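Enquirer: Those protein sequence lines, which keep their order, are chains L and Y. The first sequence finishes on residue 576 if you use our numbering, and the numbering steps up by one all the way, no holes. The second sequence finishes on residue 315 if you use our numbering, and the numbering steps up by one all the way, no holes.
Quick caveat, the hints were computed from the structure, so don't treat them as lab data. Since the structure is predicted, the reported quantities are computational estimates derived from the model, not experimental observations. The beta-carbon is built from N, C-alpha and C at its ideal position, and this holds for glycine as well. Hints are supplied without guarantee of correctness; some may be wrong.
What the hints assert, rightly or not - Pulled from the structure, derived: some chain Y residues nowhere near chain L, Cβ distances all over 10 Å:
(1) Met19
(2) Val47
(3) Ala104
(4) Ile127
(5) Ile193
(6) Ile224
(7) Pro227
(8) Gly248
To be verified - Just some of the chain Y residues that point at chain L, by a computed CB distance under 7 Å:
(9) Pro149
(10) Thr150
(11) Asn257
(12) Gly278
Stated by the list, open to error - Capping the alpha-carbon separation at 30 Å, the derived lysine-lysine pairs in BS3-like fashion look like this:
(13) Y:Lys173 to Y:Lys160
(14) Y:Lys122 to Y:Lys220
(15) Y:Lys53 to L:Lys188
(16) L:Lys114 to Y:Lys58
(17) Y:Lys58 to L:Lys188
(18) Y:Lys84 to L:Lys296
(19) L:Lys313 to Y:Lys160
(20) Y:Lys79 to L:Lys296
(21) L:Lys564 to Y:Lys76
(22) L:Lys564 to Y:Lys79
(23) Y:Lys53 to L:Lys564
(24) L:Lys249 to Y:Lys173
(25) Y:Lys58 to L:Lys185
(26) L:Lys278 to L:Lys296
(27) L:Lys188 to L:Lys502
(28) L:Lys115 to Y:Lys58
(29) L:Lys413 to L:Lys502
(30) Y:Lys160 to L:Lys216
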Amino acid sequence: MKNKVLSVLLASAMVLSVVACGSSEGGSAPAAETPAADTQAPAAEAPAAETPAEPAAEATSSELTDGKFAETRQITVEIYDRGNDGGSDPENNMYTEYIKKGMLEEHNVEVTFKKVPRWTEVDDINNLLAAQEAPDICVTYSYPTVLTYAQMGGVIDLSEMIETYKGDLTNLWTWLGDTNMLWDKDPKTGTVWALEGKRAEQQRIVTFVRKDWLDKLGLSVPTTTQEFEDMLIAFRDNADTLLGSDASKMVPFSASYDIGWRASNIITSYMDPNITDKEYYINGFDDRMVTQASTKEAVRLLNKWYNAGLMWKDFVLYGSGDTTEDDMIKAGYVGAFQHNWDYVFRNGEDSINANLKRNVGEDAVFIPVDCFKNSAGKYSKWLYSSAGDRKIFFPTTNDEPLASLLYLDFISKPETIKYLQAGDEGVTHEVLDSGAIQIIAATGDAIQNSGKNIDYTITCNGTYFGDEALAALSLAYGYAEADPELVDQANKIAMADGLEPKNVNVGEITAEAGVGDTLSAKRDQIYDNAVVASEADFDSVWDSYLADYLSSGGQAIIDERAEKWAEYFGDADMLP
Amino acid sequence: MGKKSQTSSGNSKSFGVYMKRYWQLYAMLFLPLLYLTIFKYAPMVYVQIAFKKYSLVKSIWELPLADNHGFEFFIKAFKNNDFKYALRNTLTLNLLDLLFGFPAPIIFALILNELCFKHYKKVVQTIAYMPHFLSWVIIYSLALQLLAPTDGLVNMVISKMGFDPIPFLNDGKHWIGSYIGFGIWQNFGWGSIVYLAAIAGINPELYEAASVDGAGRFRKMWHITLPGIKPTIVVLLIMSLGNILGGGFDRPFAFQNNLVMRVADVIATFVYRVGIKGLQFSLTTAVGLFQSVVGIFFLLMANFISRKLGERGIW
Numbered sequence: 001m002k003n004k005v006l007s008v009l010l011a012s013a014m015v016l017s018v019v020a021c022g023s024s025e026g027g028s029a030p031a032a033e034t035p036a037a038d039t040q041a042p043a044a045e046a047p048a049a050e051t052p053a054e055p056a057a058e059a060t061s062s063e064l065t066d067g068k069f070a071e072t073r074q075i076t077v078e079i080y081d082r083g084n085d086g087g088s089d090p091e092n093n094m095y096t097e098y099i100k101k102g103m104l105e106e107h108n109v110e111v112t113f114k115k116v117p118r119w120t121e122v123d124d125i126n127n128l129l130a131a132q133e134a135p136d137i138c139v140t141y142s143y144p145t146v147l148t149y150a151q152m153g154g155v156i157d158l159s160e161m162i163e164t165y166k167g168d169l170t171n172l173w174t175w176l177g178d179t180n181m182l183w184d185k186d187p188k189t190g191t192v193w194a195l196e197g198k199r200a201e202q203q204r205i206v207t208f209v210r211k212d213w214l215d216k217l218g219l220s221v222p223t224t225t226q227e228f229e230d231m232l233i234a235f236r237d238n239a240d241t242l243l244g245s246d247a248s249k250m251v252p253f254s255a256s257y258d259i260g261w262r263a264s265n266i267i268t269s270y271m272d273p274n275i276t277d278k279e280y281y282i283n284g285f286d287d288r289m290v291t292q293a294s295t296k297e298a299v300r301l302l303n304k305w306y307n308a309g310l311m312w313k314d315f316v317l318y319g320s321g322d323t324t325e326d327d328m329i330k331a332g333y334v335g336a337f338q339h340n341w342d343y344v345f346r347n348g349e350d351s352i353n354a355n356l357k358r359n360v361g362e363d364a365v366f367i368p369v370d371c372f373k374n375s376a377g378k379y380s381k382w383l384y385s386s387a388g389d390r391k392i393f394f395p396t397t398n399d400e401p402l403a404s405l406l407y408l409d410f411i412s413k414p415e416t417i418k419y420l421q422a423g424d425e426g427v428t429h430e431v432l433d434s435g436a437i438q439i440i441a442a443t444g445d446a447i448q449n450s451g452k453n454i455d456y457t458i459t460c461n462g463t464y465f466g467d468e469a470l471a472a473l474s475l476a477y478g479y480a481e482a483d484p485e486l487v488d489q490a491n492k493i494a495m496a497d498g499l500e501p502k503n504v505n506v507g508e509i510t511a512e513a514g515v516g517d518t519l520s521a522k523r524d525q526i527y528d529n530a531v532v533a534s535e536a537d538f539d540s541v542w543d544s545y546l547a548d549y550l551s552s553g554g555q556a557i558i559d560e561r562a563e564k565w566a567e568y569f570g571d572a573d574m575l576p
Numbered sequence: 001m002g003k004k005s006q007t008s009s010g011n012s013k014s015f016g017v018y019m020k021r022y023w024q025l026y027a028m029l030f031l032p033l034l035y036l037t038i039f040k041y042a043p044m045v046y047v048q049i050a051f052k053k054y055s056l057v058k059s060i061w062e063l064p065l066a067d068n069h070g071f072e073f074f075i076k077a078f079k080n081n082d083f084k085y086a087l088r089n090t091l092t093l094n095l096l097d098l099l100f101g102f103p104a105p106i107i108f109a110l111i112l113n114e115l116c117f118k119h120y121k122k123v124v125q126t127i128a129y130m131p132h133f134l135s136w137v138i139i140y141s142l143a144l145q146l147l148a149p150t151d152g153l154v155n156m157v158i159s160k161m162g163f164d165p166i167p168f169l170n171d172g173k174h175w176i177g178s179y180i181g182f183g184i185w186q187n188f189g190w191g192s193i194v195y196l197a198a199i200a201g202i203n204p205e206l207y208e209a210a211s212v213d214g215a216g217r218f219r220k221m222w223h224i225t226l227p228g229i230k231p232t233i234v235v236l237l238i239m240s241l242g243n244i245l246g247g248g249f250d251r252p253f254a255f256q257n258n259l260v261m262r263v264a265d266v267i268a269t270f271v272y273r274v275g276i277k278g279l280q281f282s283l284t285t286a287v288g289l290f291q292s293v294v295g296i297f298f299l300l301m302a303n304f305i306s307r308k309l310g311e312r313g314i315w
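Okay, chain Y solo, but in the shape it has when bound (with noise of 0.2 Å):
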């Protein structure tokens, strides 16, 4: 695409020419950038609820200001006990993922790398991505067969040999372990795609070098495929960055329970709770606003400090 809006930018003679063989692409172009409008950006007008007293039955155009000059909703939330509970525990479970859950595909993807047969390791990779496609609900049933009390297998066996079983879902810490642990396994694999390709990208050349030079495994990978595979690494922390205040809605809201509520309940399950179950619009719109902002924060600084390093950022 770059090179393209290069010449593209040139004078309106060869933009026509331009235009005239490659209409088809932006023609194709045309239904995802129809999607994010439709789905993106319109429904951007309803941010305005953040600051109004809504209604179901009037337009939003029509709706009053809310109090404290439309602030009314936000110094509400921030007086609320559970939203500080829920952005602390976004917080943490979204940086504990980051943490356990961002080195685990790229350490996968360069142990899959040195594998010598080709149909073990198409084997292991297809087994790997497989959890992806399995939905949480699914993960988090399977978990409670596996880890509940009493009845989950491993408990099981961990009372057969004598031992107390282990609270892995029903008390605050184990239950974070659990989360972060089925978050890895559901996710490593599938994460690792992209790193495979951008292994496969590097010039073979330069491996058949180190060799001559004697550079054993951990030498070339340290020289040579991980320096290959650095952008791709950047590019996607800068996104995992942007996203350190969102996160999925069914990941957390399938593994809650009442017992672990207080590091469970994180922002989409809050809004979900208290906005369309409790249908306080008003206030759950503020709190969505407010997690994109400091998503939005995040997403430029990271980008900002991944320029001054050298890397290529996101745009």
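This is chain L alone, in the form it adopts within the complex (with noise of 0.2 Å):
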């Protein structure tokens, strides 16, 4: 009898239970399958399609007053998580508090911050717009993304309402100034589906020496490509010296599997300085130069450091955000790389220089050098465009288009960039004397997880502090712990011969869309089997990878920019 009562028990609790289960399923399912198809869409078309018929004053008097909703609205904001140590939570610290507050005040606008891993940004987003999750501004380096969801109809045009609200727009519109908003507005169809961020600083990518090890052996900071693969001998030779019993884990030089940006100085020097803005526009796709007809000897001399010993064995093996490789910098195994040009400064107490002070000694520090000439004998490097940053996008899901307009111009506002990046005086930085700002070391809620906050200010790459002398006079102060005269070279040497990007803007490539990961991949393989095959192979090794890269995707954008460029400018080799 027990047995029986309880065997009844059991059943109906389950039927229960799958009775509760089936009913919240049933009503979640169309939720979450509706709004793609129903409402989202009349959402998405709503401001374009009123909008344009109406003059500016009428259509924002119906919504906002004094720059203000009548009813509270809601937004979502995507902020990427670096993961730092000890960095404070991405989605609640001193900074969202302050953009939280401002946003309501100002514009009676709820803002909630959604957080993407920064190493796998592109991946992320491309989930969670999928899935229609997708915060209501998205923010990605990657605008071949934008595209590919702007071609299924995923993304919102944004052409019509960034001029329709310009007046409530004006600290957006003067911080961008037309050049980077308009920077996507397809030439034929008019259509705008991203903004660009700016980049107040252009400098990007430096190499670092170790100068205890080149005072160690007696070495001078080396000039030449020759002399700085000299100084990689040295090092490899005199691990002994230089590292005692940990040395079998020198590195000389130390890259990533993503060669392409790891050894960006080495591959620009290879590179025709009078290179055609259509020849290198046309292999432009790719960032990292892969099919630009010069980057094929700029690895061979990478193949050969690799097979004589002077790289380290095992950079493939460690994926995107893996931390080993700045581990082994830290802990003082390497002697040289290249990367951002303030990578050694990040992080503060955290950064590279800071741990290697720390576990090496008093005069362990990585400097600044510059090496690398080309044929013509300039340090060519290229710099960012300071256009055409982060791209920041509504996806169709986006139901409050004007209050995230609003956000982006709240957050364009010079003082809240000034401070998202600078923070309170006396927790995140000092005012010295002579006016400029140093950053100094925060804890807890004020720390910046990135340098500068961009995280935040999505819209400004780079010190700015909402005027531009005052950036220019604080930029070297800009780093905890770090010697502002190692910063002031590194700024120096980064913007040395650097080359600027120049935008040509032919509207959109349809050979670009849903291809952009699929070739970085593929760019990368190219690289890292290259990097490591013996020296009999690289050709073969080099010429079959590349031709793979073509084969899926290259060749036909490679086919569709010349095409373009020939509509656009004909038989011209230079932008007019």
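These two chains come separately, so use the hints to put the complex back together.
Expert: As structure tokens, this is what we get:
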């Protein structure tokens, strides 16, 4: 009897739970599916469809009074999660509070942040978009991703809204200017799928070398490629002197799987100094220059170094975001590497140079050097374009495009940028006698997870402080715990003989949609396999992987770019 | 279940009596059935994406048919070099898994069955299960710590002995070996449970009779244990064959690196990269559908052959 009662109880409990599951399932299923089909599409079209006919003032007055909504609106904003050791919560800290408060006071908009892992941002935002759960304001470095979604009808065309509400978006228009606002405007259809953030700093990649090792071996700072190579060989041959019992861990030149980035100074130095705009543009889909004619010879040099034991053997095995290599650099096993111009200064006490000082000794330090001359005798390197940085777009699931634009306006205000970058005096910065802002190490909520808080100032990348003169004065003081002189040196080297990319706006290149990820993965495969090939196999490995890249969509892009160039610029080799 | 369904197929009166008696069991079965319906059958509606031009914002019923009578994406897939590599690699890796990975738990179960010390047997068994509970991400981290060319423990020992390091993870051929090896390591203990259960079900009198007849260990193993677990082996083999184009995602994904992609990219990772990351949903749904159809074909064939050979098959 007891058994029977028990089994009846169990069975009915199960049925009940099933019914409960079923009903919640039934309840959520339509909600999950329909936004794409029904509710969102009109929301996306509404502003575009309604507003163009009406004059700006009328359209705005219907929704906004003094820039404020009558009823509180809600928006979600993407924020990068860098997973820093001991960083602040990216969704909830001193800076998010400032933004939330400001947005509510000025526009009656409630802001929620949604974190996305920085190093896999494209993957993650793709997944969120596909799941219809993307934040209202999305930001990415990859325009092809935006374009792919736009072609599916998943992105809001901002062209009309930004004109209609120009009066309410003065900060945004002033800061970004026509250049960045309309950077992605299609020359034929006039669509604007994304607004381009502005780069306040253009420095890109610099080579770093262990100064204390140079001193120990009595070497001078290298100034040519040959001297750099000789230095690496000296590091390798003197591993015992430099590292003692850790000699087997010596890595003279370190790079990651992303060779195109981590050897950029070398690759660029091989490029023809007289390369035409046309040539560069046609092969310019990939910013790692893999299809540029000169790149193969640059990689041949790396291949020689790899086979001579000058590079880390395991570099390919660690993926994006892995800290193994950084840990090696911090532990003091690495002699030289190339990376972002401020890489060794980032993250205050956890910066590479601060770690070296702690782990190795007072004099252990990475200094920036400039030694890769091109055939014209210049230390050419690519800079960032001042425009065309992070792409900000609204997915069609965003039913508050106006509130979202007001958000962009708010964070483009000089005061907002200044607060987000500099924080509070005494907490995150001090003001020096010269008036320059010196960033100091912050704790807890005030920690900036990204340098200059660029993850929050999505329309502004780099030191600005709301004032260009102040920014220039303060640049060298932007890194807590870092030697301002070294920062200044790195800045100068990064800008020396810099090449500024040009915007070739010929509208959509349809071949580029949907292949970005595949081709970047293949590009890394070309680089990695070519670097580790035996010297005898180098040519065949490079050629076979490159052929695979081209046949997987690379060639189609090159052809379409060539066609578009001819259509817009005819036979000209240079941009007008 | 077989017996029950025979009785239930009787007349309606006995069906009512039967249901009254066993309704709890059916109520309990309801949950798994619901799970299958919601998570396995309902999503099948979306198979039509393979034949249509996908768009995020349209309902799937409104999507326009793809070119070539809807077969555009199948044609595209078979023109895609990466898909061909992925297909080849999936087959190679799964066949090697089958060749080396399938007999491993059987052999292990047979060996374990011969152990006399009960406690020792339990300990060995438990240790052998353990790796099954590790995720592939963790296993790959272990693999890196052990097998990386310069920092890996194994290669450090090899280098100290004066040999060149072995590129376990960064050379195609060696990588396949490591991949299969870790697969076997992770699964043989867990896989042996089913066989041990089958062995436990063999009538002990058979062994006693064989001993009386003078059969040694190997004779008994060959003539009693193996035939005793043959039906289990066949059923599991059929299921493995049905999965010949399938296979998990996390194992190859965790083990891949840029140097071995030509042998390591399988259909699951191809679909993830091109479909989800590259947003080509139609193309990869077509690939997935193709994969399933081939899987069913293998399953049916294996079942057919096993029935021809006088085994029970899976239904």
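Enquirer: All the hints need checking, so say for each whether the structure fits it.
Expert: Comparing the hints with the structure gives:
| no. | hint | verdict |
| --- | --- | --- |
| 1 | Met19 | holds, 13 Å |
| 2 | Val47 | holds, 16 Å |
| 3 | Ala104 | holds, 27 Å |
| 4 | Ile127 | holds, 28 Å |
| 5 | Ile193 | holds, 26 Å |
| 6 | Ile224 | holds, 38 Å |
| 7 | Pro227 | holds, 38 Å |
| 8 | Gly248 | holds, 19 Å |
| 9 | Pro149 | holds, 5 Å |
| 10 | Thr150 | holds, 5 Å |
| 11 | Asn257 | holds, 5 Å |
| 12 | Gly278 | holds, 5 Å |
| 13 | Y:Lys173 to Y:Lys160 | holds, 24 Å |
| 14 | Y:Lys122 to Y:Lys220 | holds, 22 Å |
| 15 | Y:Lys53 to L:Lys188 | holds, 25 Å |
| 16 | L:Lys114 to Y:Lys58 | holds, 26 Å |
| 17 | Y:Lys58 to L:Lys188 | holds, 25 Å |
| 18 | Y:Lys84 to L:Lys296 | holds, 27 Å |
| 19 | L:Lys313 to Y:Lys160 | holds, 16 Å |
| 20 | Y:Lys79 to L:Lys296 | holds, 28 Å |
| 21 | L:Lys564 to Y:Lys76 | holds, 25 Å |
| 22 | L:Lys564 to Y:Lys79 | holds, 26 Å |
| 23 | Y:Lys53 to L:Lys564 | holds, 26 Å |
| 24 | L:Lys249 to Y:Lys173 | holds, 27 Å |
| 25 | Y:Lys58 to L:Lys185 | holds, 25 Å |
| 26 | L:Lys278 to L:Lys296 | holds, 20 Å |
| 27 | L:Lys188 to L:Lys502 | holds, 20 Å |
| 28 | L:Lys115 to Y:Lys58 | holds, 28 Å |
| 29 | L:Lys413 to L:Lys502 | holds, 27 Å |
| 30 | Y:Lys160 to L:Lys216 | holds, 28 Å |
Violated hints: none; the structure is consistent with every hint.
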